[in-house]
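A.B. asks: Given only the sequences and the hints, what does the whole structure look like? Please build it.
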Amino acid sequence: MWEVKYEKSQGLTDSKLSYCPGCAHGIIHKLVAESLVELGILDRSIAIASVGCSVFSYQFFNCDAQQAPHGRACALATGVKRVLPDNIVFTYQGDGDLASIGIAETIHAANRGENITVIFINNAIYGMTGGQMAPTSLIGQKTTTSQDGRTQKNHGNPIKISEMFATIEGVAYLERVAAYDPKHVLNAKKAIKKAFQYQMENRGFTMVEVVSTCPVNWGMKPVDAMKWSKEAMEPVYPLGVFKDKGRE
Amino acid sequence: MAKVLMKGNEAIALAAIKGGVDAFYGYPITPQNEVPEYLSKHLLANGKVFLQAESEVSAINMVYGAAGAGKRVMTSSSSPGIALKQEGISYITAAELPCLIVSVMRGGPGLGSIQPSQGDYYQATRGGGNGDYHLIVFAPESIQETIDTIKESFDIADYYRNPVMVLVDGLIGQMMESVDFDRPKKERFVPEKDWATNGTKNHPGRRNIANSLYLDPAELEQHNIKLHQKYEVIKKNETKFELIDFDNPEYVIVAYGTMARICRSAIEMLKNEGIEVGMIRPITLFPYPEKAFEQIPENVKGILTCELSMGQMLDDVLIANNGKHKVGFFGRAGGMLPDPEEIVGAIKNFNERVVK
Ligand SMILES: Cc1ncc(C[n+]2csc(CCOP(=O)(O)OP(=O)(O)O)c2C)c(N)n1
Ligand code: SF4
Ligand SMILES: [Mg+2]
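Protein sequences, first through last, are from chains A and B. In terms of the working numbering, the first sequence opens at residue 1 and continues consecutively. In terms of the working numbering, the second sequence opens at residue 249 and continues consecutively.
Everything labelled a hint here was simulated from the structure, so no lab data went into it.
SDA-like, lysine to any residue: derived pairs with alpha carbons at most 20 angstroms apart:
hint	chain 1	residue 1	chain 2	residue 2
1	B	Lys549	B	Glu516
2	B	Lys449	A	Gly40
3	A	Lys16	B	Asp464
4	A	Lys16	B	Tyr462
Beta-carbon label-pair distances, calculated as ranges:
hint	chain 1	residue 1	chain 2	residue 2	range
5	B	Tyr407	A	Lys153	52 to 60 angstroms
6	B	Glu490	A	Ala166	57 to 65 angstroms
7	B	Asp442	A	Glu169	37 to 45 angstroms
8	B	Pro276	A	Lys153	35 to 43 angstroms
9	A	Gly130	B	Lys478	30 to 38 angstroms
10	A	Asp86	B	Pro276	24 to 32 angstroms
11	B	Glu490	A	Leu39	51 to 59 angstroms
12	B	Ser303	A	Lys221	37 to 45 angstroms
13	A	Glu201	B	Lys266	34 to 42 angstroms
14	B	Asp442	A	Thr129	32 to 40 angstroms
15	B	Phe437	A	Thr145	51 to 59 angstroms
16	A	Glu169	B	Glu440	35 to 43 angstroms
17	A	Gly130	B	Asp563	35 to 43 angstroms
18	A	Thr145	B	Glu469	26 to 34 angstroms
Computed from a predicted structure; not experimentally measured. Glycine included, C-beta positions come from ideal geometry on N, C-alpha and C.
C.D. replies: This is the structure in structure tokens:
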């Protein structure tokens, strides 16, 4: 007798993922897709793809989607959600997209308490354009535009989005998670699912920041990249729940 | 509804409501503030969406989202604000989403002034966004014509899946005229928005996607060709202009919007002096009414382009004229409005005005 123990989530299309081997983007896609299916909201969800390695996520999530200009995902999401309040609207954004060019759109969507969910992939680099410095790059981190390592003097410190957004009233749920081992992947799934659950309950702005990886542009093997996200990134970006209005 | 006395910007807002607007997203800027102010009151009260965004960049992208979701959506702004919207406009046009953009021009460049101007003709017809795209641009000359245009604009945008821009200047926005909101509008076929991203449960078996990314150049070229073909259809169907006093003109003026209003007075004054002057008044700036120029009699002494700018529509006049007649230019800029007498003088001294 055959028994299906594991299959690809119905929340993903059959399109081949465009991500590099060992990149955490793929893991997070799976968690988002599974959450939408398990919550029974896939057929009323609208994904907003951003500009970055995840630009093609509109082809991967098995639901309606819009592809946003660089940084504007939260503005599109606001536009959609305001006219379709009964639909589920989420953005999927990188750190360049969200924390640099799109920080205004993101902060104001959060401050208005837009009832949307933001999946924020922090890999401390601009993946898609070939490894330039991101606002989230670590001090000392070598990138193609900080070849001797990022300095505080020249570029400032890595921007801590979750810490910053925790101060915003309109945020209903905010957690920073990681994807470097099964335990943390399971926890990331819980956080993502909870964020969508809160959106279903109209609680306000929800965001899950994922401390992610970019083995290719970090110049590391996938396993080393996972290790680096744990050992170098996590101390700068500590994991945990930064805001949970459900618990208040 | 009988005739009412109304300010241009408020009339724009009410006409949009009559046209069925579902949502407005915008950012304050003079001289168009009465548009969002009026809508904030009347849209929210009727269960529709009004949102003051954090910037014009954000506002136009909210428009993208809501237009993609299949709703009738608009924004309005003025020169520096329209400049910021260009990125979003390019994307919306590329993704073939309908919306209404109202542009109430003020003096530029830079922060410029808040006085009326037509310095954004290039911005409206050439755009500042990237790529081969066009807006359908209407340039009404009165509040009544603005109302009639806006009421129809959502039907036009929906039909072509393309943004419509209604381009006026601060004078039309700020002045008051007696207007009628119930004039009949053209019956148009408005297709079902079966492409709207409103959840697959509304269209099982098909995912709807609003997108402008085509990494394969052959595919992107096909997309460009498709858009180009659409613009050709728009040229054929939507080009609009008015010919004024075209019986036997000695000279022909070309002017749009507020400048056309001023030229009407100048034409009357010239007629009283025995000088017959006709006018081509483009109502659509894209598509540009090149056809109108075929009706200019062989024997006219010249064409005078009049603008509230240093000469932008002039380019389209030169293209449409194609070297046939002498073309002159009269312009005021920076928010300065000419008296009709200045245009009378420009016609009388046409030879000093000739540019080509
Ligand atoms: C307006 C604009 N500026 C710049 C770019 C080029 N660009 C594409 S992706 C990207 C950075 C994306 O980095 P991030 O958001 O961190 O995503 P990642 O690829 O790392 O997942 C940039 C700068 C663009 N597409 N549009
Ligand atoms: S470049 Fe980096 S972030 Fe992009 S897919 Fe490859 S590994 Fe992932
Ligand atoms: Mg990144």
